[in-house]
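Novice: Letter by letter, the chains look like this.
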Amino acid sequence: MSATAHSIENTGKSIWDGGQSPLKASYGKLMMWFFLLSDAFTFSALLVTYGMIRFSHQAYSGTVEAFTFSQEYWPIPEKVFEAVPFLHGMSLPLVFVGIMTFILIMSSVTMVLAVEAGHRMDKKAVEKWMLWTIIGGLTFLGCQAWEWSHFISGTGGGGASLSWNEYGPSDFAALFFFITGFHGTHVLSGVVLNFLIYYNTVTGVYERRGHYEMVEKVGLYWHFVDLVWVFVFTFFYLV
Amino acid sequence: MHTEETSHVQVVPADKAKIKKIWMTAGILGLITALEFLIAFTVPHEMEMTRVSIFIAMTIVKAAYIVGEFMHLKYEVKVLFWSILIPMIFVVWMLTAFMYEGGAIFDARY
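Heads up: the sequence lines are chains A and B, in that order. Take 1 as the starting number for the first sequence in our numbering and just add one per residue. Take 1 as the starting number for the second sequence in our numbering and just add one per residue.
Among the clues, some could well be false.
[Said to hold, decoys possible] For lysine-lysine, the following BS3-like pairs were computed, each having C-alpha atoms within a straight-line distance of at most 30 Å:
1. B:K20 with A:K13
2. B:K78 with A:K124
3. B:K18 with A:K79
4. B:K21 with A:K123
5. A:K24 with A:K13
6. A:K123 with A:K29
7. B:K18 with A:K217
8. B:K16 with A:K128
9. A:K123 with B:K20
10. B:K20 with A:K124
11. A:K128 with B:K18
12. B:K74 with A:K79
13. A:K24 with A:K217
14. A:K13 with B:K78
15. B:K74 with A:K29
16. A:K128 with B:K78
[To be verified] Facing chain B, according to a computed beta carbon distance under 8 Å, are these residues of chain A, among others:
17. K24
18. S56
19. L113
20. E147
21. L175
22. F177
23. I179
24. E207
25. V230
26. F231
Simulated from the structure, these hints should not be mistaken for laboratory data. Every residue, glycine too, gets a C-beta built ideally from N, C-alpha and C.
This is chain B alone, in the form it adopts within the complex (with noise of 0.2 Å):
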């Protein structure tokens, strides 16, 4: 009975492109997360500021990656990917604020 009410159904073989763009995307991923490794303890402590920069970066090609191929932002029609991207203005602005509120702080109590 199971197989009489599915059988209708016409299952389309996979895309062999696809999946190897998908297997593509989580080797990028992997790789970066490996660097990120790598420079955690081979970049001294003394260059915090590179340090910083370096991680920074890796982390928003990584965002790049997961929200443009793996939630398929990158495809979709470009009115949603500025909605959804514009927005992030605010965070950057908060980043900011809150960043030179915290340095101020730290000055009034040392």
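Only chain A is shown next, with the shape it has when bound in the complex (with noise of 0.2 Å):
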């Protein structure tokens, strides 16, 4: 037995009685890890509620090639989203999504890349990586508008609103608004904050602080997004 353990064993004390960090992790890291996992579990409802819904209704079964959209089955993801911007008429299902899945994919390296510069202390190098962040991050809200205006207009068959859709029964483009639309507002709210993280580190208040913890917080909650997008991806987009 060691010492340490020696001395716990006679004062009754565990490290869970204060005065120490039992998870080694500060608090405001820890909150955050709690709060995505409370997050999680909305966005799993979310997705959850997608697969009930698309369960209770009626499935195509005709081949692929012969696909029409139709009131009466849910529609196959890769015959609604096959538009890509400036490529107009041609037929490439589930590009665009991929290059985003890739813009989001790599502002989670860039943010990674500025959490290990922050372990540093290399300023420079953090807001290099957090500008490329914010940058992946805008890109991405700037193609999500694209698709949101190119699914609510539609391609000649009446587009989408909360109660009607051309593509398929009502519920899938309400869910589509909700869903995407959820991760969507996530992203934007991630973009304000890596902008107030990239603030503070130009004008030095971290580097004055000591340490650049706060771009770890922060990075947490971006690599969430990004997390809940590859869910988004197979659940809406593969499936």
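Take the two lone chains and join them into the complex the hints point to.
Specialist: Spelled out as structure tokens, the structure:
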């Protein structure tokens, strides 16, 4: 038995009795983790709702080539999302959403690099990578704005609203707006938080403080947004 | 004045191995996404169960890399690791229960 374990035994105290950090993480970081856990429940609820509603509707049974939009059955996602900006009229299924996925993954990478630079107290590098992360986030939001406007105006069949859409049952568009909208709102608030971090880095707040832990905390949030997109991509666009 | 203020801060040079690992993880995430595309257009829709299982497996692998490496959870204290993971059991149950429910609504409708 080590000396420390012995003294704990004697006083009847464990590491959970206070004065120490049993999880070896700061309060702010822990609270970010548990907030993200609760946010994961919210997103799970939305995605499970999608699964349930899709299961309660008729599925398309013919061949993919012969597929046409109908309110009778749930659409095949790759037939709905096949437009790419500047390439009007071409059928490029899931290409644009693939580009969006890569943009978000890349902005997650630049975020890790910002956190890594923060550990080294490298102010210039943190500034550089935070800026790239913000650009990535804004690009993603721009792509989503385009996708929404294309989805709403449609391909000549009347487009989509919360109550009706040309692609399939009315719930299909409603869920599209809810799920990608809720995720997009997260991206937007992530960009705002990233900008605040960038601003504080540039003005030297973290350098004076002696550490860049705020970059880490907001980094956790940003990675979570990327994580959710991975699930939205699979369950909304691929399956 | 600005340089004077910051001159006492010691910038540590970057660890090449660490940076390499970050880009490796990014490469894996990109590769899995590319594979998902490949499967989406090569495995026919008639094999729906196979497609869905592959997609879900790949999504979980991607999620593990993002949470484990990017969010650094793999390297946190075990208690923290499990406090985040174990509550996700509720999501698994939610998924099971509501998919079953969806099937029941389908049967009642058609």
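Novice: Report the numbers of all earlier hints that the structure fails to satisfy, in ascending order.
Specialist: 1, 2, 3, 12, 16, 20, 21, 22, 23
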